[in-house]
Each structure stands twice: as C-alpha cells, then as structure tokens.
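K.L.:
Single-letter residue listing:
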Amino acid sequence: MGLKNTLHNLKEKYKGKKMAPAFNAIHTFLYLPNETTHSGSHVRAADDLKRTMNTVIMALIPVLIFGMFNAGYQHYSAINGFPADFSLLNDFLTWDNFLVGLTTVLPLVIVSYVIGLAVEFIFAVIKGHEVEEGYLVTGMLVPLIVPIDTPLWMLAIAVIFGVVIGKEVFGGTGMNILNPALTIRAFLFFAYPTWMSGDKVWVHEAVERAGTADAISGETILGQLAQNTDASYSISDMFFGFIPGSVGETSTFLILLGGLFLIFTKIASWRIMLSAVIGALTMGLIFNGVVSADWISEGSKFYGLMSFEFWQHLLVGGLAFGIVYMATDPVTGSQTNKGKWYYGFFIGFISVLIRVFNPAYPEGVFLAILLMNVFAPTIDHYVVQSNVKKRLKRSNKATA
Amino acid sequence: MSKDIRIKKGLNINLVGAAEQTTSKAVLSNVYAINLNDFHGIMPKMLVKEGATVKAGEPIFYNKDVEEMKFVSPVSGELVEIVRGARRRILTLKIRANKSGEVVEHSTLNLASASAEDVKSQLLMSGCWPFIKQRPYDVVANPNVAPKAIFVSGYTTAPLAANLDYVLQGKEKELQAAITALATLTSGQIHVSVGSSNSPLSGLSGVTEHKVAGPHPAGLVGTQINKIDPVNKGEVVWTVNAQDLVIIGELLLTGKFNPQRTIALAGSAVKSPKYYTTTIGSEISTFLYGSGVSIENFRVINGDVLTGSKTSPEGYLGFYNNTVTVIPEGDDYEFFGWNKPIFNKISSTRAMTFSWLNPKKKYDLNTNTNGEHRAFVVTGAYEKVFPLDIYPMQLLKACMIKDLDEMEQLGLYEVAPEDFALTEFICISKQPHQQIIREGLDLLQKEIG
Numbered sequence: 002m003g004l005k006n007t008l009h010n011l012k013e014k015y016k017g018k019k020m021a022p023a024f025n026a027i028h029t030f031l032y033l034p035n036e037t038t039h040s041g042s043h044v045r046a047a048d049d050l051k052r053t054m055n056t057v058i059m060a061l062i063p064v065l066i067f068g069m070f071n072a073g074y075q076h077y078s079a080i081n082g083f084p085a086d087f088s089l090l091n092d093f094l095t096w097d098n099f100l101v102g103l104t105t106v107l108p109l110v111i112v113s114y115v116i117g118l119a120v121e122f123i124f125a126v127i128k129g130h131e132v133e134e135g136y137l138v139t140g141m142l143v144p145l146i147v148p149i150d151t152p153l154w155m156l157a158i159a160v161i162f163g164v165v166i167g168k169e170v171f172g173g174t175g176m177n178i179l180n181p182a183l184t185i186r187a188f189l190f191f192a193y194p195t196w197m198s199g200d201k202v203w204v205h206e207a208v209e210r211a212g213t214a215d216a217i218s219g220e221t222i223l224g225q226l227a228q229n230t231d232a233s234y235s236i237s238d239m240f241f242g243f244i245p246g247s248v249g250e251t252s253t254f255l256i257l258l259g260g261l262f263l264i265f266t267k268i269a270s271w272r273i274m275l276s277a278v279i280g281a282l283t284m285g286l287i288f289n290g291v292v293s294a295d296w297i298s299e300g301s302k303f304y305g306l307m308s309f310e311f312w313q314h315l316l317v318g319g320l321a322f323g324i325v326y327m328a329t330d331p332v333t334g335s336q337t338n339k340g341k342w343y344y345g346f347f348i349g350f351i352s353v354l355i356r357v358f359n360p361a362y363p364e365g366v367f368l369a370i371l372l373m374n375v376f377a378p379t380i381d382h383y384v385v386q387s388n389v390k391k392r393l394k395r396s397n398k399a400t401a
Numbered sequence: 005m006s007k008d009i010r011i012k013k014g015l016n017i018n019l020v021g022a023a024e025q026t027t028s029k030a031v032l033s034n035v036y037a038i039n040l041n042d043f044h045g046i047m048p049k050m051l052v053k054e055g056a057t058v059k060a061g062e063p064i065f066y067n068k069d070v071e072e073m074k075f076v077s078p079v080s081g082e083l084v085e086i087v088r089g090a091r092r093r094i095l096t097l098k099i100r101a102n103k104s105g106e107v108v109e110h111s112t113l114n115l116a117s118a119s120a121e122d123v124k125s126q127l128l129m130s131g132c133w134p135f136i137k138q139r140p141y142d143v144v145a146n147p148n149v150a151p152k153a154i155f156v157s158g159y160t161t162a163p164l165a166a167n168l169d170y171v172l173q174g175k176e177k178e179l180q181a182a183i184t185a186l187a188t189l190t191s192g193q194i195h196v197s198v199g200s201s202n203s204p205l206s207g208l209s210g211v212t213e214h215k216v217a218g219p220h221p222a223g224l225v226g227t228q229i230n231k232i233d234p235v236n237k238g239e240v241v242w243t244v245n246a247q248d249l250v251i252i253g254e255l256l257l258t259g260k261f262n263p264q265r266t267i268a269l270a271g272s273a274v275k276s277p278k279y280y281t282t283t284i285g286s287e288i289s290t291f292l293y294g295s296g297v298s299i300e301n302f303r304v305i306n307g308d309v310l311t312g313s314k315t316s317p318e319g320y321l322g323f324y325n326n327t328v329t330v331i332p333e334g335d336d337y338e339f340f341g342w343n344k345p346i347f348n349k350i351s352s353t354r355a356m357t358f359s360w361l362n363p364k365k366k367y368d369l370n371t372n373t374n375g376e377h378r379a380f381v382v383t384g385a386y387e388k389v390f391p392l393d394i395y396p397m398q399l400l401k402a403c404m405i406k407d408l409d410e411m412e413q414l415g416l417y418e419v420a421p422e423d424f425a426l427t428e429f430i431c432i433s434k435q436p437h438q439q440i441i442r443e444g445l446d447l448l449q450k451e452i453g
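Those protein sequence lines, which keep their order, are chains A and B.
The first sequence runs 2 to 401 under our numbering.
The second sequence runs 5 to 453 under our numbering.
Simulated from the structure, these hints should not be mistaken for laboratory data.
Any given hint could turn out to be false.
Below are the PhoX-like pairs computed for lysine-lysine, each with C-alpha atoms no more than 20 Å apart in a straight line [stated by the list, open to error]: (1) A:339 - B:401; (2) B:13 - A:339; (3) B:344 - A:5; (4) B:152 - A:398.
Cβ-to-Cβ under 7 Å is the rule here; a few derived chain B residues that face chain A [stated by the list, open to error]: (5) 310; (6) 335; (7) 354; (8) 382.
Please read all numbers here as calculations on a predicted model, not as lab measurements.
Glycine residues also receive a C-beta, built at the ideal position from the N, C-alpha and C atoms.
Isolated chain B (complex conformation) (with noise of 0.2 Å):
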C-alpha cells in the first residue's frame, strides 16, 4: 500500500555551497563529546566516575525516569571531563579516546523471532533507544508506551542538509534489520517516505511506502505525519532519522554499537563542501579544516541551517545531526537595509525584494536577522509555508499566553519544534517560533504528560 504525499505550500531556501558527492575519512578525534542538550528532558544519573576508562558502548549514564534507557560512549578511552552549568546540571561529557579500541559485544538478535521485549531490551542497553524519539513533545521516546506508528523520512529538503539517497547507499541490510526489529515495537504501520524509488530506503520490507514531493516542509517527519496519520490526544508515535536506522540495524545484526556516519560539511562558507565519514561526538575541527574556511567571521552549526544549533569548530558532531553548515555571521549594519531594494537575500515577499524574479537562484545567507523582533502584525504568510493542518499564529499565540486548553486543541501534540522552522525564517516580526514552541511543549509535557 503507498500513499502519495503532494506538498504545495513550502518554500525551498536555495543557498549555495551544497555539498558535492565525494565522501572523505575524517580525521580521528582525540576527545569525543556527548552533549546532553542533544536529549531535551532527560535527567541524567551518571553510571562512571571522572576519569574512568570506559570501552565503546559502555553505558555513561542513564535516564533517571526509565532506568534501563543507558547512553554509551561513542569510543573506548577515558571520561576526562564533566562539564556542569548552573545548578551542576551535566552539559557535556568528554571522553579521550585511547588506542584499545575496545567495544562492547552485545548478543545478537534473531530478527526472525525476536519478541517486542527482546527488541526493546537490546535497544536501551546498548545506547541505541535514544534514536527513537517520540511525538507529542518531541523528546526521546518513552519505551513504556507503544506507539500507534513509525515514521521515518527518507526524503531531504531543508536547506543543505545531507542528500539522505547518497549517504545511505548500500546500507540496504542494515535499513531492513532496523525496520524489522522497531516493526515489533507498534501494533500499526511503519511509515517510510521516499522522494524516489532510486532511495535505498525504497522497496523495504514490512513497511508503508509513500513518495513525497514538493518544496520544503514536504521532507520533514511533521509534515509527513500530519498527511499521514496525524497525532491525537492520547497517542504516540515514534520517528527516527533514516541515518540512525543504520546504526540500530548494525547493532542488530553484529552485536556492537557503531556510531559511525556519513555527514554532509556544506555552507558558502566552507571551501570544499563535501561529504565526511566520522563518528558521532567527534571534533568538528577533525573535518571542517579537511575542507576549509574561506572567511575570518564565520559560524558553524550542528545541523542545517533552519533547526541546527550554534556551536563552533571546537564543537562535537551532534548525537541526531548529519549535516554541519558554516556560514558567514551576519553582524554587522547595513545602511538603509530596510528600504533599499534587496537582490542578494531571500524573501517570501515582493517588497522590493526580488527572489521572486529567479526562484533557482542560489544564495549566500548570512545570521543576521534583517530586522528587529516586534509584535505580531502581520498575518497570513505563515500559511503560505506551512502544510499543515494547523493555524500556525494561532497556535504560537496559545504557546506564548501559555494557554493549555488551546494549545491542545490547535494541535501541538502534532507538532515538533522544526515544523516551525520555515515560519520562523520568513517571520516578519523575528519571532522565535520554534523557541516558543518548545517551550510550549514543555510546559504541555509537565501538565499533562
């Protein structure tokens, strides 16, 4: 059964410095990071000491709410440093890598017969369960709760971001053991998107294909859900990014934990912009100077551009990204910038701005952002690039008055935080859509549940 999934309203950011198709070994990390901030809402319980000697797999910590959900090293070395912020709340974990290369050997699984709990097991104790993560609230999945669906995305459309068909080529037997491992985890479908039937995703086993086209929102999980099987009060689902399904299919079928992938190093910033192997955690430096920089004042993100984070080349590669842009910052002033006629920046107006006159053209965005933040005033353009079944002011206006009542029933149950990154990008106020969001979803998640 394949349903086809059209999107109409979106907005593709064309920007230049994609990354070609040429995949490069990054050099070794010596330090491999975790960041907590990557697992929004999870209280960590440290499982190892300061300057303990762990091996690749072994679990670090666990989350203090479900016990068994353990998060491992990424490489065998030495726990060198906690990093703590305010109120000791644990913000990083450095670990220096040793030699060894030790790694810790998990039974493998008979696919074939492998009952849920077994399934559900393996996940958390080898590091793997936090790639599941969970709709509402956006967080990683709680495993006490079966979801009603699966959906993965296979189909890329954010700015940049990692030409998912290239980066998983090959990793067919890996995709297929992941799927139907986690088809033992719902009683209904698993939902995979495809742009193409080229995708390595395409042509699955035990699994609900549906092509999808059209501009950007079309490839993000959110939209694909809410044309699919929206969310209700009272269900969960689960989404997993197509690239960590390698990694749980790898340790289904060899026993260990491999956190290595396919990253795309992309921006107008970076000389080279290519593709890199690399393990999560990993310096950003241990590629990003592989490729270049081609200016002094540049920013790095974790991520694509709509819904990455800052970080910096001292950063780590993020535990969900597989795409780090640098781009130019953007602060500085620019004299009259607010009624001259703009050629150079992306606009969803034609207010004397003229991306409507090429919409191929690519271009060179920077961090500023034009503008300063004010009320909101104008409206009905968040719809124009917003495919959901959702009234996306209104909804942000519940989050911000901090209204549970309406925030429930104008859907953000269904949402997640990027479903409102394209909103954000053409808000003429510079509202923080998806701040307010997230914060909506916190307070949803400690009222309600």
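So that you can see chain A by itself, here it is in the shape it has in the complex (with noise of 0.2 Å):
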C-alpha cells in the first residue's frame, strides 16, 4: 500500500526532531500504529485511548446534531411564535432549523476544535510528548455546553485559557485536575458575565434583537423559575428537548441514550451517573419538602425552584448533560469505585442546591463538578485509607 509506506519512512525520517509529536498524531490517526510490545504481557486488549475518546464523541453526536435542529426551532419560534399542533418533521427537523444551526453551531465546533488542537500541537512539539487525545472529548463537549450566540473571539479566549490553565501545566491528559471542558465554560462565565447569563444569549439573534420592535425572549426556564413565573413548556418538551438553553444540553432524551450507550460500553461510569441522579432528587425532595411544609412563603425569591417538582431538575439546565458526559470524566472524578459513589452523590446534591439559591445564575450543575473535581482525590484518599488501614491491622495482629 503507497500511502502507508510513505508514512512509515516520513515517521522513521522524522524520528527524534522536535516536529515528530505533531507528525505521528496525523499519522496515528490515519493508521494504528506498528508498535509491539517488548517486555510484559506479549499481547494487548484491542482498546486505546483513541478508541475510549471516539466512544464518546458518539455518544455525542446525537446531542450535537439536536443541537443544530433546535437552534432553529427556538429562532424561528420565538420570531413566530411556537407552533400550534407541533409535529416533529414539519416544525422541527425542517431544513431551515438546521441551517440556522449549522451556521452558528458549526462555527462554534471549528473554533473549539481548532483553537485547542492547535494549543495541544504546540505545547506536545514543545514538551516533546505525543499529542494525547483528551482534546477530541473536550472539543466536543465545549460548544455543546456554551450558549449560542457566544462570540467566536471570546470562545477562542476561552479555549485557550482552558487548555492552558485547566489541562497543560499539570502535564496534560491525566494529570489535570479540573474537567478542561467546564473550566472552559467557568472562564466564559465569569469572564463575560453579562454575556453568558440572563434572558437573551439562549436564542440566536436574541441579543442583537433586544430593544428593537424585533426584540424576542429566550428564557430558559430555569430563568422562569428564578423569577417565580412558571414554567411554560410541558413535560415532554422539556424531556424531549425542544426548550431553550445551551446548545447540547436541552434533549434529556437524548443524552438519556447517549449515557445509557456509554455504560453499554463500558466507558463512562454508571456509579457516578447512577448517584448523581440520586443526589439531585434527593436535595430535589429536601426542597420540595420545605415548599409543602409551609417553611417558605410563596413571595420567596426561592419559592419558584424549591416548589419545582424534584424529579422536573433532572429534565431541564445542564444536570442530565453534566451528569452524562461531563461527570463521568475519569481523570477528574473520583478513580475508586467507593469514591464514584459518594462524588457523584454529591455532584447532583450540590448542582441543585446551587440551582436553587443563586437565583442570579441559576444553572449550577457545572459549578458543582467544578468542585467536586477538587475534592475527588479527596474523596479517593479516604476510600484507599480504609484498605491501607485494613492492611496495617492485619499486619499489627500477624506481629503482635
């Protein structure tokens, strides 16, 4: 085959200069690479990182292309109004939706990509180390997460603060300890508060409409609920999807199957999945309990979330999408199986809690992995504890 054996003598020819990392990740893209092994276990299982990384952009497919459509469908919507008897080819998967989606999605995807492969080139050529591929994740999950209309200048900024700050000077894939993607998204936040918060950023055109006789609302309807109005999509729109928000977060049915499809492979963790729904209908049922034991009045600025029915949080903001794919990140969460249980635990706890009493920004699923990312090795150290202090019993008792 020409093609390979061009590579292989452009790989040997290459070997050892300062451009080889960039060189091989192109080349190992292409080609799984000739390398055996020398020592050890002679034969390997089929999976590598590269394999584990593609799992879960597929899973994140579906997301992304629902993305595009609803991008549209909430443009176009807010401009028309929605839809009296809604049906899902005619108002929904329509090719003037995607369009809208794809020239405002797509560019978001390009940036992310290129942006932070281009910082992961330079800092691999620099260092000397191959590319690793934790970026192919991250790049995904980056324009998913982040609200439509997010100037492409200030998702640049942002992807670099976030490569460099968040992942690089630790040392790159599996040495960070915040999820690169939602430092990402938090330097966007507080770095452009007005931008990425309010009523205005969720639709496209929402914000240079604002003001003129054009003007349209984007609400999402954790917003809703922050101001006590009530929610005004139904259930199945809300599960389904097609509400407004960031741009991969709104389809719970979707991601749903994305999550259900990482634990049939065996990527993603179902512990922290698992647990993460249960923190977040706990504290879901922690307030609802206060709503329906008259502790707070209905004039409370509280009031709209805590009397929001507690399973309803799993379905609406980025919980079930942060839960998902962002969570279950397994060099920032939680390495042991016990401590899986008690981080993702608290992850959905906290990201309600957050949601509920900052009313300001009422989205707080990405704070809440923020700062459990911290305390995972936390979390891990005590749970390792336990089987030190096990070992050093037994070893007391065999002495004494």
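Please assemble the complex out of the two chains, which come individually in their own frames, going by the hints.
P.N.:
Rendered as structure tokens:
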C-alpha cells in the first residue's frame, strides 16, 4: 500500500525531530501504529485511548445534531411563536432549522477544535510528548455547553485559557485536576457574565434584536423559575428538548440514550451517573418538602425553584448533560469505585442546591462538578486509606 | 483442612494454538545456556573458568550474597562462553554438552528424619534452591529467613500455559518427597491449590489443600496468597512452581539434579502445538522445529504470553518456564485501526469491540500494542480483572513516583509483576505495568531490604 509505506518512511525520517509529535498525531489518526510489545504482556487488548475518546464522541453526535435543529427551532419560534400543533417532521426537522444550527453551531465546533488542538500540538512539540487524545472529547463538549450566540473570539480565548491553565500546566491529558471543558465554561461565565446569563443568549439573534421592535425572548426554564414565573413548557417538551438552553443540554432524551450507550460500552461509570441522579433527586425532594411544610412563603424569591417538582430538575438545564458527559470524566472524577458513589451523589446534590439558591445564575451543575473535581482526590484518599488501615491492622495482628 | 477459593474478577484470554496432550521427546541440544536474567537480583560469582569441563549438577557460580547458594550446570560438558553485557555483567553462560553424561551424585537424605538444616544445605549445594522464590520482592528465596508459609499453585489459568494435571502425571512420589522436605523449612503451612481432586497434587500429605475456581488470574500463586494468607510487612512467604517440585523431589530421592521437564509448545504460529520433554537451558530450536512454525514473522516467548520473556529460536528454555509460546509479530500498521469495529481481538470494553458477544471464542492475537503509550486516564477498569484486595492503579502510581511509604501501605509486599499482567493486558493507556511493579519492588528492596 503506497500511502502506508510513504507515511512509514516519513515517520522514520522525523524520528527524534522536534516536529515528530505533530506528525505522529496525524499519522496515528490514519493508521494504528506498528508498535509492538517488548516485555511484560506480549499481547494487548484492542482498546486504546483514541477508541475510548471516539466512543464518547459517538455518544455526543446525536446531541450535537439535535442542538443544531433546536437552534433553528428556537430562533423561528421566538419570532413567529411556537407552532400550534407541533409535528416533529414539519416543525422541527426542517432544512431551515438545520441551516440556522449549521451557521451558528458549526463555527463553535470548528473554533473549539482548531484552537484547542493547536494549543495541544504546540505543547506537544515544546515538551516532546505525543499529542494525547483528551481534547477530542473536550473539543466536542465545549460547543455543546455554551450559549448559541457566544462570540467566537470569546470562545477562542476561553479555549486557550481552559487548555493551558486547566490542563497543560498540570502535564496534559490524565494529569489535570479540573475538567477542561468546564474550565472553559467557567472562564466564559466569570469573564463575560453579562453575555453568559440572562435571557438574551439562549436563542440565536436574541441579543441583536433586544430593544428593537423585533425583540424576542428566549429565557430558559430555570431563568423563568428563578423569577417565580411558571415554566411555560410541557413535560414532554422538556424531556425531548424543544426548549431554549445551551446547544447540547436540552434534550434529556438523547442524553439518556447517550448515557446508556456509554454505560453499555463500559466507557463511562454507571456508578457516577446513578449516584448523581440520586443526589439530585434527594436535594429536590428536600426542597419540595420545605415548600409543602410551608416553611417558605410564595413570595420568597426561592419559591419558584423550590416548588419545582423534584424529578423535573433532571429534565431542565444542564444537569443531565453534566451528569452523563462531564461528571463521568475519569481523570477529574473519583478514581475508586466507592469514591465514585460519593462523588456522583454530591454532584447531583450540590447542583440542585446551587440552582435554587443562586437565582442570578440558576445553573449550578458546572460549578458543582468543578467543586467535586477538587474534592475527588480527597474522597479517593479516604477510600484508599480504609484499605491501608485494613492492611495495617492485619499486619499488627500478625506481629502481635 | 481445606478452603475453597472462588475468583470472580478476572479475564480468561482464549487463544488459538493450545498444546495437544501428546508428548514427544525433544532432540538433544548441543549447547545449553543459563540465562542470568532468570535470577533477578542475583550477583553471580563464577566457580569455573571459560573452557572448563563440568559435570551435570556441578556448581558453576554462586550467589555473592549467600555463598552456599550454588547454581549448577544442567548437563555435562564444556563451559564454552560467558556472555557479558554492559559493565561486564554476566548475561548468559553457555555449555556445550559432551557425551560423557557424568552427573554429580549427592548423598540422599532420609526424609523422615532430616532436619531443616539438612534439607536446606542439600537444596543449596545441589542447585535446587533457586526454584524456591519468595515474596516480598519476587526473587530467589533468602535461605536465612524462615517463611511463614509456602505456596504452590497446581492450577493454571494463564493463556496457553502447560496443563499441570497433564505434565505432573505419575510424579506423585517426587512431589510428595519435595513437600515433605519443604515442610521442615517453615513453621507454617504448605498451601497447595488445585483445580480439581484429579490433580496429581491433590491428596499429598502434609499440606493444606485449596480448591481454586474462576478466571485467570485464579491460578496465579499471588492471587492465592492474597486470598489465603496475605504477606504483611516483615513477613516472608515462599513459592515454588509445581513442576519444579518434581526436580527437587527427584534430587532428594536419588541424589541427582535432573533438570528435565515436560513443556508445552503452544501458540497460533506453531503448526502442531504439543508437549515436549526437554531439559532446562536447551535450545528452543530443538523442539520448535519439531512442531514447525507456520509463518515467517513470529515471536518466540519463554513462558506464557502474559508474563514470558521475548526470545528467539536460537534462545534457550528458561529456568522457570514450562511453556514456550509462538505468536505472530504485530509490527504492521492498521488503517483506521482505532475507530473501526473490531471482531478479531479481545477487549474488556464494548467500544465497537465485539469480543463480549462470544466469550468462548478463541483469538489469534499478535504482539501489536493496539495503541500508543499514554498517561493513565480511564479508571475502574483494572479493578474488574484484579481480584487482589489492593488498589491496582494507586499502587502503580505509587511505584512510578517512588513513594516508598505508599508502596508499602498499598500492598507492594504482596505482589509480583505477574499479578499485574492482566491489568497490563487491558490497559487502555498501554502502560508497562509489570515493569513498573518490578522497578518498584527493586527500589523497595534496595531501600528497606
């Protein structure tokens, strides 16, 4: 095969040179390398990191495509009003809707990948290590968790910040403490808060039209609840995702399918997902309990979110997306199986807590995950210590 | 007293090319070799010079740290070459066999009345001692420290490894003699694990017998130690390969060191995989070409595919090995190998890999790493194939950062590199687990002793 031999010869030529990692990254993208085992186990299982990351991307693709259609749907609905009797084919999966998504979402994807991978390649060349695959997933997550009209220059700056500070300074993929995609999201939120929240960024062109005669509203459900107005969407709209929100977070249904796929392929931890759901439900139930016990009045600024049915928290906002795709990041999450239960539970629990008590920005999931990222090593430490203590106890008994 | 061990975590790696249960006699080798890499950490001191004539069983070198520990020639002949590596370190000793067949004869021991000292000195001077290994550190046992127990695994679960029930048939007398002698060396018990009561190792007297069941690594002695009587800090256990008990037993009964063993020649690249009777140190070609190799580009492994060492047809049968595996080399590229569906390789996930559909299917795996070396990323996967009560990734990381306290606390004393062969096999980051553990053990031994 011509291409195979040409690339092989090029690889040999570049061996040891500075640009070798950059070349190898492209080469290994095309061909599984010819590396063989030397010692230890002479045969190896089929999976590698590329395959693992690729599986997560496969689980994200439906969400991305849905997000593109939804971008158009929300855009036109905001202008023309929601269609009276909604039909999936005629009102949602239309070429017009998709075109809006394509022109708004695709640039986000491209900027995220081009900028992020450029940073990765530069660091790989400088530090002389291979380009690791971590960014393949991060690059796909980023456009899915930002508001649709995020200016591309903002996204570019945030990506550079997130990859450099969130990952590369720690040593690259596998070494980072915080989830890079969420670091990027957090940077956007805290650096440009007026852009990232409120009721103007969730629907395409809402910002430009604000204050004009064509003004359209695009509040998220959480935004409405925080102002103690009732959510104006039906449960099935929320579940299937025909609601405003960040690009990929709206369709709980597709996220659920993606989550099941990740569990089935054994790529993501079902322990984290399950315990996070339990954690969110627990906190939701507590708040519902507070409302039904009449501890707060209807005038309270927390009333709207607290009285929101506990299980519906999972349908709105980024909670489901965060649980399935972000909390399960193995590098920044808890690494022990027991630790994963605690880690997941607190992500769900704290997400709903922040959501309710921070009406200014009612989306708590990314902060909850970042917070638990920081605590994950501590959780693991205590889990591992119990094993250490057991060993020590056995040892003392033996020598006593 | 018997205790059953049932392992759930693990993975059976089913490969094509299992040895058929017929035994041929291998052609006699011209040259025999002692490979010093087999004896990890031993500093050899030569007893004979290049060109000297030696008898079978005659000491050739001894352990610099324990002078009584002799290493002997497997055959009678001439020491033709001492192969040295960097800093004149001895790598291999080659002995050209002669026809004389002279054997060193030791006086036999009366096992019924022999003391621990008698047994010990007999094994040390006859060259049988190195068959006894110890944990911690997975090295040749230090004869000056009595073990709390001795472990023998009579159950193999490693891929394509020799079936002990088959190769030990009819050796009950030797096995019993070796066990009786070893029993004098420990105040504790001798734990023997068997797969079923049909095993020749079943029913020996003076042992605690355990029935083992489950996927690999159920048959590894490290797994059994962890389930029966784990090693604590400051304690030592000894392990002996079941097959080496036969050589020890024969020495005790006859006074002669007879390093013959039945080995399995297996692997997908072997035309007719089967068993051979041969001698430790024989050239691998003496039996390899008897069965034939079906492909050009192959790898010969001294041992099984998970823990063996790379060799060649011109190489020599290792001191501890009872299996020689030949599999295809995998030094070729695979177009889009990282994302296309995979049906012909084993996988511990279902990420477009389909080995989960048919767990009984046998695979023809080659030596390709199926991916590049990466930092540790995925978590929770090792635990599924690692039955020991140890956190594998945490221990590996402790070894990598050379944190002695953590290595100790997380259980490095209990493990040998082979215990990490399965985690290495499934490792998505393609980290060299066994090497990491070996280096960790060496460091711990150097610093703590």
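K.L.:
With reference to the structure, classify each hint as holding or not holding.
P.N.:
Hints versus structure:
| no. | hint | in the structure |
| --- | --- | --- |
| 1 | A:339 - B:401 | holds, 19 Å |
| 2 | B:13 - A:339 | holds, 16 Å |
| 3 | B:344 - A:5 | holds, 17 Å |
| 4 | B:152 - A:398 | holds, 14 Å |
| 5 | 310 | holds, 5 Å |
| 6 | 335 | holds, 5 Å |
| 7 | 354 | holds, 4 Å |
| 8 | 382 | holds, 5 Å |
In this structure, none of the earlier numbered hints is contradicted; all agree with it.
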